[in-house]
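Can you make the complete structure from the sequences, with help from the hints?
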Amino acid sequence: MNYGERVVKPLPQAVRQLSERLMMKPTVENVECINNQLLKVSRTAPHDDLIIFIVDAYVLGEGDTFEIIKNNPTINTILALSLWNQYTYDAKTLARENGVAVFTYSELMGAVYYYGKRYLDYVSPKKD
Amino acid sequence: MDFLTSTVLSGIAWDGIKYAGNITSKYLKERLGDWIVNDKVLEELASKINDLPDAYKKNDKFLELAIQEDESLQELLRNIQPKTDVSFKDNVITGSTINNATGSSTIHSPTTNYYYGQNQPPQVKTKFQVKSELDQLLAENAAVFKMYGPTPENTSDLTTRKHEAWRSMASNYIVPNNEKIIKLLEEYIDLLNFEEKIILMEFKLHSEGFKDNQTREERIAEYPKFPIAINSVLGG
Chain V
0 MNYGERVVKP LPQAVRQLSE RLMMKPTVEN VECINNQLLK VSRTAPHDDL
50 IIFIVDAYVL GEGDTFEIIK NNPTINTILA LSLWNQYTYD AKTLARENGV
100 AVFTYSELMG AVYYYGKRYL DYVSPKKD
Chain P
0 MDFLTSTVLS GIAWDGIKYA GNITSKYLKE RLGDWIVNDK VLEELASKIN
50 DLPDAYKKND KFLELAIQED ESLQELLRNI QPKTDVSFKD NVITGSTINN
100 ATGSSTIHSP TTNYYYGQNQ PPQVKTKFQV KSELDQLLAE NAAVFKMYGP
150 TPENTSDLTT RKHEAWRSMA SNYIVPNNEK IIKLLEEYID LLNFEEKIIL
200 MEFKLHSEGF KDNQTREERI AEYPKFPIAI NSVLGG
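Just so you know, the sequences run in chain order V and P. Numbering that gives the first Met the number 0 applies: residue 0 is where the first sequence begins, and numbers increase by one. Numbering that gives the first Met the number 0 applies: residue 0 is where the second sequence begins, and numbers increase by one.
If you are wondering where the hints come from, they were derived from the structure by calculation, not from laboratory data. There's no promise every hint is true.
[Claimed, not checked] Below, computed lysine-lysine pairings styled on DSS-like, alpha-carbon distance capped at 27 Å:
#, chain 1, residue 1, chain 2, residue 2
1, P, Lys-130, P, Lys-179
2, P, Lys-145, V, Lys-8
3, P, Lys-224, P, Lys-145
4, P, Lys-161, V, Lys-125
5, V, Lys-8, P, Lys-161
6, P, Lys-224, V, Lys-69
7, V, Lys-8, P, Lys-210
8, P, Lys-56, P, Lys-130
9, P, Lys-210, V, Lys-125
10, V, Lys-8, P, Lys-224
Structure representation (structure tokens):
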């Protein structure tokens, strides 16, 4: 039993599902797996391309976010992929200050329709 | 009048069953040296316990229940008296220790018959009994985690809704079980070696954080993860 593992690489099956879901979006033209943790999403104009760094993080904190951005300067999105994943407010704020969006899977599925600041600040509508 | 209880007998019998699958009168005789019991009764005890359904031979608690419910065994037990040189204090044998099958722990067993529903004195458990309870609680937690937690199998599916049940399941099952584990191991802290006491401390810190995170809208990332070594406390 190892619940409590914090930030690890996502499972390939989950990344594959993610790519398939993204390809179904009308704003997405192509999804390229640069590696198991890095996706390039080409989108229709005027939507800019997304370079997504994918993690499986039970809780993505500020420290890990800082390290990810420092080690991957070309990314503009960090995705906490697992449905159990969460990120902290501080992580989101730090990333936004660096022009990087932090999303959960369901948030990304909504944010992918937007670009620029609206993409960066995207928040999922609340469920009833 | 004090006589041999189901608890004492089940503890001794379980120590034998878990290693050999059954018990013999010779085995019982060696471990009931502080009791007045003849060979014929020992034979009957061993035979009746061996004949109990396998379903009751899963752990010491089930075995104790089976012995309590077997009227013929209870009749035999009522006639087994302690030897006179055994002294009693607060219903616990203080002049006698009964080594269990591993030789690693002792039973200080209450010897008064307490029927179900009456107030029972605190019972001192063997190391094996404590380990069995610990394993049971950890197994329950593992089952909940496997079903609803972020296991690789669960997280690889982006269409599941198990994550929506995870918090309530964790709060309803894992959190209370963690508290039981801590209470149990703190009560029997003397059975733990130094490394195991450190593991218990790590488990306590994890448990507090895990509990807190279940009620937080925003979890705290820095709480320690589950110390896997807790599974091997009191022997793997």
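We went through each hint and held it up to the structure:
About 13 Å separates the Cα atoms of P:Lys-130 and P:Lys-179, which keeps this hinted pair within 27 Å; it holds. Between P:Lys-145 and V:Lys-8 the CA atoms are separated by roughly 20 Å; this keeps the pair inside 27 Å, and the hint holds. Between P:Lys-224 and P:Lys-145 the alpha-carbon distance is near 16 Å, which keeps this suggested pair within the 27 Å criterion. The suggested pairing of P:Lys-161 with V:Lys-125 holds, with an alpha-carbon distance near 19 Å, which does not exceed 27 Å.
Restraint check for V:Lys-8 and P:Lys-161: satisfied, since their Cα atoms lie roughly 21 Å apart, inside the 27 Å limit. Only pairs whose Cα atoms come within 27 Å are accepted, and P:Lys-224 paired with V:Lys-69 is accepted, the gap being roughly 25 Å. The straight-line distance between the Cα atoms of V:Lys-8 and P:Lys-210 is roughly 26 Å, inside the 27 Å bound, and the hint therefore holds. For the hint linking P:Lys-56 to P:Lys-130, the alpha-carbon distance of about 16 Å falls within 27 Å, and the restraint holds.
At most 27 Å may separate the alpha-carbon atoms for a hinted pair to count; P:Lys-210 and V:Lys-125 meet this at roughly 25 Å. About 17 Å separates the Cα atoms of V:Lys-8 and P:Lys-224, which keeps this hinted pair within 27 Å; it holds.
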